[in-house]
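Construct the entire structure; sequences and hints are all you get.
Protein chains: 2
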Amino acid sequence: MKNAINRQIVLAARPVGEIGQDVLRLVERPVPKLAEGEALVRNQILSIDPTNRIWMNEEDSYLPAVQIGEIMRGITAGQVVESRSDLLKPGDLVTGLGGYADYWVGQGQLMTKLPGGVSLEASLSVFGHIGLTAYFGLLEVGKAASGETVVVSAGAGATGSLVGQIAKIKGCRVVATVGTEEKRRWVVEQLGFDQAIVHRANPDLRRSLELACPSGIDVFFDNVGGEVLDAALSNLALYGRVVLCGAISQYNNPGEWGPKNYGELVVKRGRMEGFIVMDYHARAAEAFAALSLWLKEGRLQYRAEVIEGLENAPLALQKLFRGENRGKLLVRISS
Amino acid sequence: MKNAINRQIVLAARPVGEIGQDVLRLVERPVPKLAEGEALVRNQILSIDPTNRIWMNEEDSYLPAVQIGEIMRGITAGQVVESRSDLLKPGDLVTGLGGYADYWVGQGQLMTKLPGGVSLEASLSVFGHIGLTAYFGLLEVGKAASGETVVVSAGAGATGSLVGQIAKIKGCRVVATVGTEEKRRWVVEQLGFDQAIVHRANPDLRRSLELACPSGIDVFFDNVGGEVLDAALSNLALYGRVVLCGAISQYNNPGEWGPKNYGELVVKRGRMEGFIVMDYHARAAEAFAALSLWLKEGRLQYRAEVIEGLENAPLALQKLFRGENRGKLLVRISS
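Taken in sequence, the protein lines are chains A and B.
So in our numbering, the last one in the first sequence is 335, and the numbering has no gaps at all.
So in our numbering, the last one in the second sequence is 335, and the numbering has no gaps at all.
Each hint should be verified, as a subset may be incorrect.
Calculated cross-link-like contacts (lysine-lysine; reagent style DSSO-like; alpha-carbon spacing at most 27 Å) [to be verified]: (1) A:K143 <-> B:K260; (2) B:K319 <-> A:K260; (3) B:K296 <-> A:K260.
It should be emphasised that the hints constitute simulated quantities derived from the structure, not laboratory data.
Given below as structure tokens:
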């Protein structure tokens with residue numbers, strides 16, 4: 001890989017509010033030499049996730065904050081081109097935190113080899129962190145059970161659309177909140193959700209959820225936060241669970257808003273619980289076996305939107321925060 | 001009881017913000033005749049609890065809202081003076097929702113007979129709803145374990161002081177937030193808490209809690225809400241639990257505030273859970289056996305402040321919300 005140019009997108013400034021033009025900057029650097037135990041991966045696909053925004057903040061979260069000047073952290077899938085690791089050989093397909101960059105140089109043990117038959121796209125969605133998030137968040141944290149009412153926010157999103165479908169498979173009544181009429185139709189007509197509510201410009205989301213969930217919400221799987229969370233809390237059923245997966249509506253203004261209806265957790269003996277998908281990686285096989293079966297049976301579907309070119313990753317991130325993506329948002333770095 | 005006058009305090013108006021003079025009104029009514037199955041109780045002691053304020057709101061909570069003109073709901077202890085219930089005879093000591101009134105007329109099955117050796121005062125504190133709240137909230141909801149750090153807000157209050165002592169007995173490190181220097185000294189010097197922080201006028205409660213809990217907060221037992229809850233959330237340990245018992249700082253302005261740091265539940269894989277003590281009444285014997293033993297061993301103590309006269313119950317309630325009581329606040333209706 002001598003003389004190869006490695007384009008990297010670095011964090012140039014911490015965003016205040018929305019992710020502006022000055023936040024991410026593309027730089028070109030040479031591909032470094034490998035140290036013992038390392039491998040060099042040609043990143044092919046980059047996953048654009050809401051949590052990327054959290055990593056940009058100054059404070060550490062469940063992972064250390066990305067420092068100014070560092071490569072922006074991101075989950076990638078790609079192919080090993082050189083290896084000084086016993087674990088990997090050229091040609092292997094891997095996923096991991098390869099970053100917003102053409103090439104990823106890292107320790108072999110940080111790279112996860114793709115199982116046979118899994119495409120690079122799928123390794124960043126249903127057979128990756130998205131599938132694990134939906135599966136374990138709904139079933140392990142939320143403990144959704146047959147006959148219960150599950151509400152999922154951002155129900156047409158990468159995670160939410162899987163959550164709703166898994167809930168249907170498990171015998172739940174499923175209601176989604178979504179951002180657009182197109183998304184509403186998709187989840188109801190294509191994915192079989194019982195109902196979906198377009199939350200934007202809904203004058204009384206609380207009432208809409210009440211009508212959609214006459215016996216209350218047993219599990220609320222939240223990707224959005226804000227008024228959607230408050231509306232769900234006020235409709236919580238007795239012993240209801242709120243699964244905190246994300247809060248995309250709040251990431252641009254961290255720490256400014258809190259759920260005013262959290263007192264409903266007392267009245268309803270409810271539970272609100274957060275989780276991080278990394279904690280479930282050791283149990284990935286269990287989830288992937290189930291997801292794989294449901295896909296084969298035609299009971300599960302997913303969609304992805306692929307944006308071409310690493311240089312467009314900052315635009316893709318903005319698109320995600322405007323809710324304009326359809327399904328899992330990916331950036332193709334190379335083919 | 002012919003010609004006996006029954007003073008009752010009725011809800012005259014719903015409070016907006018603080019409980020003003022117009023909210024509760026004392027009226028005099030005759031003692032009604034007993035129907036079959038009912039008993040007449042001379043209320044002797046009335047428990048003044050933060051939750052009384054919740055019952056005054058227009059919306060139903062875990063119990064129906066008190067209606068305008070109805071006797072104000074309250075937990076009392078007293079003596080049966082007449083009975084048409086097979087369950088009770090004159091002279092029996094009972095507790096229950098006897099209300100802000102001289103006399104309580106109700107179905108015998110709604111009255112709980114006091115076990116032998118339990119005083120009326122104790123039946124409204126350590127051997128009543130307060131003891132059950134502390135015991136089950138800390139151990140069942142919070143799952144506090146030896147070696148963990150427990151923080152309790154309103155740590156010198158009726159419930160909080162028991163929570164902290166039970167946590168000490170169970171081998172936890174205990175830090176309280178309290179409202180005054182007198183309370184701080186009491187919980188540290190008399191009850192053996194490891195540390196207490198006077199939260200009023202503390203310029204950086206978050207930092208104070210961080211210093212007091214160097215390895216984070218494993219269980220936060222919250223009676224207060226507001227900035228105390230946010231400060232605790234920001235210091236939550238990995239897999240920390242927030243036990244939502246109450247939010248006295250917010251009851252006068254319901255629905256106006258939410259915990260801005262609730263996102264810490266995601267980062268720390270935390271859980272915030274509410275409960276209602278009524279759900280644990282069936283298991284009261286288990287808690288009372290433990291509490292009784294600890295009292296005998298001198299490992300548990302409690303204090304009560306008794307205000308004389310039913311007519312002073314509204315003032316007592318205001319005192320409670322100003323945090324001016326020392327220990328369990330009671331009103332003596334008759335002796």
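Structure-based check of all given hints:
1. A:K143 <-> B:K260: Answer holds: K143 of chain A to K260 of chain B is near 26 Å, not above 27 Å.
2. B:K319 <-> A:K260: holds (26 Å)
3. B:K296 <-> A:K260: Given that 27 Å is the threshold and the Cα spacing comes to 43 Å, the pair is violated.
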